[in-house]
Amino acid sequence: MKLYNVKLLTVTCEILAQKNVIDILTKHDITGYTAYEVEGNGARGLRGQGLKNEKNVKVEVIMQEEKLQDVIEEIARTLFTNFAIVLYVSDVGVLRTEKFV
Amino acid sequence: MKLYNVKLLTVTCEILAQKNVIDILTKHDITGYTAYEVEGNGARGLRGQGLKNEKNVKVEVIMQEEKLQDVIEEIARTLFTNFAIVLYVSDVGVLRTEKFV
Amino acid sequence: MKLYNVKLLTVTCEILAQKNVIDILTKHDITGYTAYEVEGNGARGLRGQGLKNEKNVKVEVIMQEEKLQDVIEEIARTLFTNFAIVLYVSDVGVLRTEKFV
Amino acid sequence: MDILELIQSNLLTPIVLFFLFGIIAARIKSDLKIPDAISEFLPIYLLAAIGLHGGIEMRNTGFEAMFVPMMVAIGMSLLFTLNHYQILRRLGKFNLFDSYALASTYGAVGAVTFSVGLSFLKNQGVTSEGYLAAILAVLEPVAFILAIFLTNMAVSKQIKNKKKSLGEIDSSESELEMGVTETKSNLKQVLHESITGKAIVILLGSIIIGYIIGEEGFSSISIVFDELFTGAIVIFLIEMGIIAGQRLDDIKKVGVFLISFSIIMPTFNGVIGVLVATVLGLSLGGAVMFGLLLASASFIAAPAVLRHAIPQAKPSLYITSALGITFPYNIIVLLPIMFMVSSVVHNEGSIDLFHYLSEGLI
Amino acid sequence: MDILELIQSNLLTPIVLFFLFGIIAARIKSDLKIPDAISEFLPIYLLAAIGLHGGIEMRNTGFEAMFVPMMVAIGMSLLFTLNHYQILRRLGKFNLFDSYALASTYGAVGAVTFSVGLSFLKNQGVTSEGYLAAILAVLEPVAFILAIFLTNMAVSKQIKNKKKSLGEIDSSESELEMGVTETKSNLKQVLHESITGKAIVILLGSIIIGYIIGEEGFSSISIVFDELFTGAIVIFLIEMGIIAGQRLDDIKKVGVFLISFSIIMPTFNGVIGVLVATVLGLSLGGAVMFGLLLASASFIAAPAVLRHAIPQAKPSLYITSALGITFPYNIIVLLPIMFMVSSVVHNEGSIDLFHYLSEGLI
Amino acid sequence: MDILELIQSNLLTPIVLFFLFGIIAARIKSDLKIPDAISEFLPIYLLAAIGLHGGIEMRNTGFEAMFVPMMVAIGMSLLFTLNHYQILRRLGKFNLFDSYALASTYGAVGAVTFSVGLSFLKNQGVTSEGYLAAILAVLEPVAFILAIFLTNMAVSKQIKNKKKSLGEIDSSESELEMGVTETKSNLKQVLHESITGKAIVILLGSIIIGYIIGEEGFSSISIVFDELFTGAIVIFLIEMGIIAGQRLDDIKKVGVFLISFSIIMPTFNGVIGVLVATVLGLSLGGAVMFGLLLASASFIAAPAVLRHAIPQAKPSLYITSALGITFPYNIIVLLPIMFMVSSVVHNEGSIDLFHYLSEGLI
Ligand SMILES: Nc1ncnc2c1ncn2[C@@H]1O[C@H](COP(=O)(O)O)[C@@H](O)[C@H]1O
Ligand SMILES: Nc1ncnc2c1ncn2[C@@H]1O[C@H](COP(=O)(O)O)[C@@H](O)[C@H]1O
Ligand SMILES: Nc1ncnc2c1ncn2[C@@H]1O[C@H](COP(=O)(O)O)[C@@H](O)[C@H]1O
Ligand code: NA
Ligand code: NA
Ligand code: NA
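Protein chains in written order, with our numbering: chain F, 1 to 101; chain A, 102 to 202; chain W, 203 to 303; chain L, 304 to 665; chain X, 666 to 1027; chain E, 1028 to 1389.
Don't take every hint at face value.
To spell it out: a stretch of chain L is covered by chain X in this simulated footprint if at least three of its residues, at any positions, have a beta carbon under 8 Å from a beta carbon of chain X; those stretches are [to be verified]:
1. 350-362
2. 388-399
3. 414-428
4. 527-535
5. 581-589
These are calculated hints, taken from the structure and not from any lab test.
These figures come from a predicted structure and were not determined experimentally.
Idealized CB from N, CA, C, for every residue including glycine.
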């Protein structure tokens, strides 16, 4: 079966920024995503112990390359300054491109 | 240390399909995998709130390229129609290929 | 926005080896990482049911290619023999390389 | 107290109010949520408590009395499942898979509904036969097994017919055989899953343990497994309310037919259940619980079984109707109705029943 | 009993001891931790218990008595928030965002502190007015809404000034308008989030349910929602102690000014609160709880609201000071102080107050 | 009541029955599971309850009486650990690492076993000395520290021998020194981990808090930390049963020698413990608990300590034997045996002991 090249965007950020990330996706007509709680360490210190609001979340989005630039640009512009956040992009192959706009 | 190229298959699906996915792996003599609960949104709507059975799971499998086609073919054929499921493949490097059949 | 190539190291290991992995990272001046509990199956059998200490954890580290070899060499040397552990490396693109030493 | 008063007084109990509260919390999109670990633990706890209680009762009363009601319950559950199927398939025009899935969801029983019923009776100062917990356990898989068996029969038949009409093509044949084999292993797997499913296992286990330890052995744990019971239901029903509330939007999608089915069918099954139980000699409270068993629909066990057994059926249909419509209806409206019916038939004999019923109900 | 004795006897209660124990466990880097699911569930449980209790009380006493104290509390919360802002911005030289975030964190209320207060009173054999739970619910969002409103006003003004000084550049203009629009939607969203936030929803819901069911309806769940209350606080405070202990290192970073603010401000607000409540006619215990509402800072709700509303503010400042300094100070030292003050003004009238106070405090 | 009757009556308590139930649930591959958060919380809760109880007792009785039994317990724990090692290494032919790991697993203590023991005594209407909780806390790390120390000594010696036999090669030398240094830091780290491990921390903390608050301070939380105790053990033992059941297959792999060791060794250690405790003047129940401390093996703390300290040892060996064999044996069979022995030596003096024992045991 043929695998089609698409992009996987992964955003690791503080849990209270999850809504912001998903709002940005929605704005770009991307509805599919997968999310889960994680803990971690970074420039804003150890996160994930203690209060729920102080945890991190990973949001993963499979999307077409076309939309990628706009989405990461908006995330970078609106969230990088004030939130604990890390973002990376990788190449993946999928079977049904029509599922990922 | 040399890194050998293998494939990482990631299946995100409803939790009740996890058994089916792992059964398919077992059938192809693949025993190693990693799994964890996630939530998400897709064609079958928001998943992960509410009852445990309505959550998603991610199953990740490192495997040799040879087996990949058969495995994804069987997953696609038996599970794509009736289950909330997404599958993607990426390239990764490992140290001990003998661990991943 | 330009994406810079860096490496993503993923270590899946028994939860009691997490400290060892992070100590190795710290030793190589890498402080950023993301971690979360998972379950799985491998050479050391099914892990993740039962007692907390018998679970697995995934540790993900974005880092520059230069440090990668030293880090995986030390993990392999000190942990491969005695612990349930799997490690793989993939290529990802990030916006801010300065965050990942 | 007439039926409306009884419904009203039931409406104002903590259990029902916190359930409604959960629905409202979900509707105003609050982030209120009982953490998963708690809401996964509570049904296990409730079933253990029900089982222990039932087992202790059975030790006092013996379990010979249980067999006739149990057999009747199994028979009625099978009959009702078949009846549901006919109604859903013929009148509701649902496809074969959805029809069987829904039929068995309503033929099966709801353990949470059962817990609420026990609390309701406690509140009314009425007891019920302990062996009903055993009937709850036995009834769990019955409807599923029937539905799965019939679905697989129907699928096999379809495949055979297709095969005939296409002529005997070799490659197709092997595929067909594979299909039938899969079906068989399917049923076997589902049987195993039903019987080893956590609900049945904890329920049966606790019944047996309750039977062994009796009142005396229970005393050291009665504070946890008896006194905390109602409070635990309240906490669980907050979460059930939230989940039901999140599903309210989906109710539009299930259609008017299924909505009506989700209200009329339990009423019918439940009232018949109360009457039959009365004839069998169960007590006032016992008849209510017997009726509730038949009226209730399964919404925790159903998806676990049906997603594997009939994956073609849409879970949004059976979960939404069972949890979003039937469960609230059962605990708020039908429980008092059945209590009223049972009171009537227990006090006045069955002669005036239908006369009285029509008065009480309308 | 003089104030030091009271502080000492308060120090030796299970609640305070287990909190201190949590701090020590964190300091010696123990891996002790109450699992997340439990520590997320406990505040919901505590608020439900507080609400039910308050609602039942209000059913007994009516709620007319509530309005004046509630209005006064709202007014004081707003006034105090403005006061905090001036102090933080002018004396503390914090930037606009941190000033407003901190101002509202201390203007808002802490539900956990409230729970501990109720237990403290129980321990002293003193009751308080049930409607204080309702004031707790209403007070939750007030300070945040004010701070967010003022922050947005200030940001708009800054932007307008910038715009003026730069002349009317087109591209910049559209950006500005976007900024203002975002700000508005921001406020709207925060309003919604505040009001549908889980704390308020469960608290208000439980008050209403408590009001409806009364003592009688409560009896079946009183073991869970009343008798387990203090034990549940103890377990929750172990975790709060651990989290506070993990933050002790950060205290150095918040600076001497904020440390002093985190102790002096609650003392001032709290004592004023006790006095005002006494004038308003609240009971000895009621005045303490009223003071505690004003003295307490929010550390569970605050981050959830402020990270969205004023993302530019540093959470390390407001969480650390509220949880790491003010909370321990409030439950260990200020609570007994306010109790002493309230005892004095309730027994001896307000004439000797300041004389007595100065004796008692110093 | 003779010993078989006592075993039988112990077998029919809720704690043991639910443990067996958990084993069965796992064997029939049920998906029953107590959610992680609950089963991680319960040991913390149990230890807090044990500690509080012990601390309160010690306040009543003073803690001078504690020192001799504690010193004796430490001494016996060390002696037994050495003894285990000799048996495992010489007779069992296990390698050095597995021998030390197993030796210390059985030299250490099991807090869950201790909880069950307390419940068992309660059931028999017998009390035990409060300071045994303190001995439990102190005994936790003792065996581990010894085993780790000895392992590291042995490894160093091996390395030195190797070095000698190879001659002094420079590169190899630095590696060796590194090895020794690592070993030292290893021991230091393990010491820290042992002492700050959650079990010891919560246990010691609760003992101290119990000592401070006494009966009176405890009353407000006694419903949570006393009355719920047995019910909480029951819930925890369901999960322990499930985990033990999942490990039953592994028992074949551990071999006949280790299976016998897992039964004979605790019996020997436990009975000696009862006798020594009796000589030291402990009460009937206290002697049973003292014996249980020495008989029990650690299965929650052990992996956490040993995976870091002796990573070369196979956890499948020490977890399987401690949890899968010794724990069930201890709570089902050995506890009644030790109770019988203690009853005998407390009532009849030690003269008839061996005669009586041989009658009772065979
Ligand atoms: N180098 C890294 N590799 C993997 N995850 C990281 C890395 N740096 C940061 N993170 C994750 O991103 C979160 C936010 O990072 P930061 O904004 O740097 O505090 C951290 O809490 C980690 O979960
Ligand atoms: N575009 C996407 N990116 C990442 N995950 C997705 C995407 N679409 C779907 N998923 C995940 O796959 C699950 C099943 O998808 P679906 O079958 O489309 O409902 C969803 O619940 C998500 O967790
Ligand atoms: N082929 C695989 N693909 C993905 N994860 C694996 C694979 N093999 C092992 N793992 C994970 O790595 C852990 C340790 O593996 P092992 O050391 O082989 O027991 C397992 O428990 C799994 O979570
Ligand atoms: Na039914
Ligand atoms: Na305040
Ligand atoms: Na021992």
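The hints, checked one at a time:
1. 350-362: violated (count 0)
2. 388-399: violated (count 0)
3. 414-428: holds (count 3)
4. 527-535: holds (count 5)
5. 581-589: Coverage by chain X is violated for the segment 581-589 of chain L (0 residues, Cβ < 8 Å).
Violated hints for the displayed structure, listed by number in ascending order: 1, 2, 5.
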